[in-house]
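**Student:** One letter stands for each residue in the lines below.
2 protein chains.
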Amino acid sequence: MTVSRTLGGGLNVRPEIQQRVLAAVEELGYRRNENARSLRPGQPSGLIGVAITNLANPYYGNFALGVEEIAAEHGRRILLGNTGEAIDRERQLVADFVGRQVEGLVLVPSGGAYDHLSRERLGDAPLVLASRRVDGLHADVVVLDDVGGAYNGTMKLLREGHTRIAYLGNVLSVITGQRRFDGFQRALDEKGVALAPELIRRSQQDVESARIATEELFDLADPPTAIFCANNRNTIGALQEIGRRAAAGRSEFPSIVSFDDFELAELMPVPVTVLHHDARELGRVAGRLLFERLDGDTGPARTIELPVSLRVARS
Amino acid sequence: MTVSRTLGGGLNVRPEIQQRVLAAVEELGYRRNENARSLRPGQPSGLIGVAITNLANPYYGNFALGVEEIAAEHGRRILLGNTGEAIDRERQLVADFVGRQVEGLVLVPSGGAYDHLSRERLGDAPLVLASRRVDGLHADVVVLDDVGGAYNGTMKLLREGHTRIAYLGNVLSVITGQRRFDGFQRALDEKGVALAPELIRRSQQDVESARIATEELFDLADPPTAIFCANNRNTIGALQEIGRRAAAGRSEFPSIVSFDDFELAELMPVPVTVLHHDARELGRVAGRLLFERLDGDTGPARTIELPVSLRVARS
DNA sequence: TGCGGTTATGGTAACGATACCAAGACGCGG
DNA sequence: CCGCGTCTTGGTATCGTTACCATAACCGCA
Chain A
1 MTVSRTLGGG
11 LNVRPEIQQR
21 VLAAVEELGY
31 RRNENARSLR
41 PGQPSGLIGV
51 AITNLANPYY
61 GNFALGVEEI
71 AAEHGRRILL
81 GNTGEAIDRE
91 RQLVADFVGR
101 QVEGLVLVPS
111 GGAYDHLSRE
121 RLGDAPLVLA
131 SRRVDGLHAD
141 VVVLDDVGGA
151 YNGTMKLLRE
161 GHTRIAYLGN
171 VLSVITGQRR
181 FDGFQRALDE
191 KGVALAPELI
201 RRSQQDVESA
211 RIATEELFDL
221 ADPPTAIFCA
231 NNRNTIGALQ
241 EIGRRAAAGR
251 SEFPSIVSFD
261 DFELAELMPV
271 PVTVLHHDAR
281 ELGRVAGRLL
291 FERLDGDTGP
301 ARTIELPVSL
311 RVARS
Chain B
1001 MTVSRTLGGG
1011 LNVRPEIQQR
1021 VLAAVEELGY
1031 RRNENARSLR
1041 PGQPSGLIGV
1051 AITNLANPYY
1061 GNFALGVEEI
1071 AAEHGRRILL
1081 GNTGEAIDRE
1091 RQLVADFVGR
1101 QVEGLVLVPS
1111 GGAYDHLSRE
1121 RLGDAPLVLA
1131 SRRVDGLHAD
1141 VVVLDDVGGA
1151 YNGTMKLLRE
1161 GHTRIAYLGN
1171 VLSVITGQRR
1181 FDGFQRALDE
1191 KGVALAPELI
1201 RRSQQDVESA
1211 RIATEELFDL
1221 ADPPTAIFCA
1231 NNRNTIGALQ
1241 EIGRRAAAGR
1251 SEFPSIVSFD
1261 DFELAELMPV
1271 PVTVLHHDAR
1281 ELGRVAGRLL
1291 FERLDGDTGP
1301 ARTIELPVSL
1311 RVARS
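Quick note, the sequences are listed as chains A and B, same order. Position 102, counted from 1, in the first sequence is what our numbering calls 102; the numbers after and before it change by one each time, with no gaps. Every position in the second sequence, counted from 1, becomes a number in our numbering once 1000 is added.
I should point out that these hints are in silico values taken from the structure, not numbers from a laboratory. As the structure is a computational prediction, the values presented were derived from the model and not from experiment. Any given hint could turn out to be false.
Cβ-Cβ distance ranges computed for the label pairs, FRET-style [said to hold, decoys possible]:
id	chain 1	residue 1	chain 2	residue 2	range
1	B	1161	A	192	55 to 63 Å
2	B	1221	A	305	47 to 55 Å
3	A	298	B	1039	39 to 47 Å
4	B	1171	A	209	46 to 54 Å
5	B	1039	A	27	40 to 48 Å
6	A	209	B	1295	34 to 42 Å
7	A	16	B	1039	38 to 46 Å
8	B	1026	A	248	39 to 47 Å
9	B	1304	A	171	34 to 42 Å
10	A	171	B	1014	40 to 48 Å
11	A	249	B	1252	21 to 29 Å
12	B	1252	A	30	56 to 64 Å
13	B	1220	A	18	56 to 64 Å
14	B	1161	A	161	40 to 48 Å
Which bits of chain B does chain A cover? Going by a derived footprint, with three or more residues having C-beta under 8 Å, they are [stated by the list, open to error]:
id	segment
15	1001-1007
16	1023-1032
17	1156-1169
18	1229-1242
Ideal Cβ positions, reconstructed from N, Cα and C, are used throughout, including at glycine.
Go ahead and model the full structure; you've got the sequences and the hints to work with.
**Tutor:** Structure, rendered in C-alpha cells:
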C-alpha cells in the first residue's frame, strides 16, 4: 500500500496523497499493528525482555529503570517479568520472551540451572546477565564488586575492634550471596578472627525473616557487637528489630554494615556504614552491553564489575 | 500443521506422532512465534500495557508488581513503560502499546490532556486509570482516599496544637496533589487555622528539591512546627534535611505527617505519622478491574477508592 | 460386503505489514 | 516525435500461525 510508504517516512509519495492518507488515519483511528510488522523476516520487534527477581525491592526497580532508559534511547520497549527467585518462573518467562521475538534479554538469574539460557534456546537474541554471575554460561555479565565490597565493609568493622560480627545473608543458592560471604570471610581470615557459626544466618529473603534472625542473634548468650548485612532486605529487617527493642526499652546498638544503600541511612539510631552502588547505573550498563551486541559486536563475552564504595552514613 | 495441534493441547493427534513432534521441537529448539499467533483475528496477544510515572519510586515499583501478579495469574505478561510525568512520552507509550495489540492498559496518568486515551484511539483495549483520576474520561479508576487521608493526617497535627504547619507537595498539574491539598486545607478551615502562604511548597518532584524546600522553610523567621508531606519523595527530602541540620548541630524537631508509608519510619529521630496504603494492593485492584472488563463486564465505569490508614510510626 | 461414523492428517486461506516488481505517468534531450 | 530515465502507484508474495475444510483411514454393525 501507499499507506505503508506514507507512514514509513513518505518516500516517493505525492504530498497531496500523504495528506489524504494521514487524514484517513486520523479519522479511522488506524494504528499500525507492530506484531504483524515484526512478522516479516529481518524486521525487529522493538522489544527487550527484562526479567528481574523482585520488583518490590526498589533496587531492582531502579535497575529496570536503567535498562528502560537505554532501551528508550534506542526506540525499544521493555517487556518486564518478575521471577520471584523461582527457576521455573524464570524458565517460563525466558521462553515466553523468546516466543515474542525479543531482540535481546536482560536477566537477573535466579541461580541454579541454566539450560534454558543456552544459545540455541535463545535464537538470535543476545543475553546480558546482571547482578549475578552464572558460571559456565557464554554471556555478557554486569556484576558488582561483591567480594571487594564485602571485604572492605568487614575490614572497617574489624579495624574498629569488633570481633563478634554477625552475618545476615541471602539464600545459599544465590551466587551474589556466596561472593559477599567470601569477602566477609576473607577479611576475618586476614585478621585472624574465627568465624562464629551461631552468628551466621544465610537464608533470609525478605524483611520479616531478617528481623526474626536478628531477634535470635540478640537473644544469644553472647550477642554480636556488629552486623554485616549482605543486602538491603536484611539491613531493613535488622534495623526494624533494633527499633522494636529500643521501643521496648532494651536498647541494642551494634554497628551495622549494609551491602546496598538505602534512603535515610544517615538518620538511623545506630552507626550504619553503607556499601553504596548504583542500581540504575547497573541497568544502564547492562542495556549498553546489550545494544552493543545488537549493533553487531561479536567479540568474546565480557564481564564488567562495577565498583562498590564505602559510605559512612553515621558513625 | 499437526505441530500446531500438538502444541495446542494435542487433541486428535496420535500419541506416537505427538512424541515425534515434541522430540523435533526439542532438537530444533523451536519456539512458537507469539506475534504471528496473535496476528490471527480473535487471538489475544497475552500482553497488558502498564505505564507508570516513575519506576525509581518504590511505590510505583510495588504498584507494577501488583498488576504483574494479577496478569501472571491470568497468563498474561506486562509491557512496562515509564512516562517520567511527561505527557508526550505517555502519548507515545500508549500509541505503542495499542500498536502492539495489548489486551488492556493500566495507566498512571501524568495529568493534563487525555485525547490520546479516547475509546477510538484505544480500540478494544479496556483502560484502567490508577492512582490519579482524570475527569471527563470514561474509564475505570482506582485511587486512594486522598482527601480523607490528608484531612485525617492534618487533623492529627492540629489536635496536637500545631498551627504553623508546612505543606510539601507535588507539582500542581498532578490531580492527586490537588486532592491531598484539598484535604489539608479542609482540616485547617475546620479548625479555623489560616493558611500561611510562605509555608506552602507545591512543586517538588524529587527528593533533592524537597530537601531544598525544607531548608528554606527552616530558614524562615518563623519556621513551621510541623510538616505535612504529600508524598514519599517529599517526606524523604524533608527528613534528609532534618538529618543534615542535626549533624550540623542545629536540631529541628518538627512533627511530620507523611502521605505514603516508608520503610524504617519508626526509627526516625522526629515524630513521624504515616498515612499508610498499599501500592501493591492498588496494582492488584487495578489488575482485577481490567480482567473483569476482559471477561466481558460492560457495565458503567467504576471508581474504586482505597482506604488510607493513619499509622503512628513514632510520636 | 457395504455403509455411516469417528478419528487422524495435511492443504488452503487469512490475519497485517512490507519488499519487490511491474506498469503507468511524466519530463527531457536528441 | 521517440526513447530513456525518474517518480509514483498498486499488485503479489511472504512472514508464522491456526480455523476450516477435504480427504483418508479405520471401526463397527447390519
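**Student:** Next, verify each hint and record whether it holds.
**Tutor:** A quick look at each hint next to the structure:
Checked against the given bound of 55 to 63 Å, the beta carbons of residue 1161 (chain B) and residue 192 (chain A), roughly 58 Å apart, stay inside it. Checked against the given bound of 47 to 55 Å, the beta carbons of residue 1221 (chain B) and residue 305 (chain A), roughly 52 Å apart, stay inside it. Hint check: residue 298 (chain A) to residue 1039 (chain B), Cβ distance near 32 Å, so the stated range 39 to 47 Å is violated. Judged by the Cβ atoms, the range 46 to 54 Å given for residue 1171 (chain B) and residue 209 (chain A) is violated: they are separated by roughly 39 Å.
For residue 1039 (chain B) and residue 27 (chain A), the Cβ-Cβ distance of about 25 Å falls outside the hinted range of 40 to 48 Å, so the restraint is violated. Judged by the Cβ atoms, the range 34 to 42 Å given for residue 209 (chain A) and residue 1295 (chain B) holds: they are separated by roughly 37 Å. For residue 16 (chain A) and residue 1039 (chain B), the Cβ-Cβ distance of about 32 Å falls outside the hinted range of 38 to 46 Å, so the restraint is violated. Between residue 1026 (chain B) and residue 248 (chain A), the C-beta spacing of about 59 Å breaks the proposed range 39 to 47 Å.
In this structure the hint that residue 1304 (chain B) and residue 171 (chain A) lie 34 to 42 Å apart at CB holds, the actual value being about 37 Å. Range check, residue 171 (chain A) to residue 1014 (chain B): about 45 Å between beta-carbon atoms, so the 40 to 48 Å window is met. The given range of 21 to 29 Å is respected by residue 249 (chain A) and residue 1252 (chain B), whose C-beta atoms sit roughly 27 Å from each other. For the pair residue 1252 (chain B) and residue 30 (chain A), the supplied restraint of 56 to 64 Å holds, since their beta-carbon distance comes to about 59 Å.
Taking the beta carbon of each, residue 1220 (chain B) and residue 18 (chain A) are about 59 Å apart, inside 56 to 64 Å as hinted. Take residue 1161 (chain B) and residue 161 (chain A): their Cβ atoms lie about 46 Å apart, and the range 40 to 48 Å holds. With a threshold of 8 Å between beta carbons, the proposed coverage of the segment 1001-1007 of chain B by chain A is violated, since 0 of its residues qualify and at least three are required. Here the segment 1023-1032 of chain B counts 3 residues with a CB under 8 Å from a CB of chain A, which clears the bar of 3, and the coverage holds.
A stretch counts as covered by a chain when three or more of its residues have a beta carbon under 8 Å from one of that chain; for the segment 1156-1169 of chain B and chain A the count is 0, and the coverage is violated. Figure legend: the segment 1229-1242 of chain B, annotated as covered by chain A; annotation consistent (4 residues with Cβ-Cβ distances under 8 Å, at least 3 required).
Violated hints for the displayed structure, listed by number in ascending order: 3, 4, 5, 7, 8, 15 and 17.
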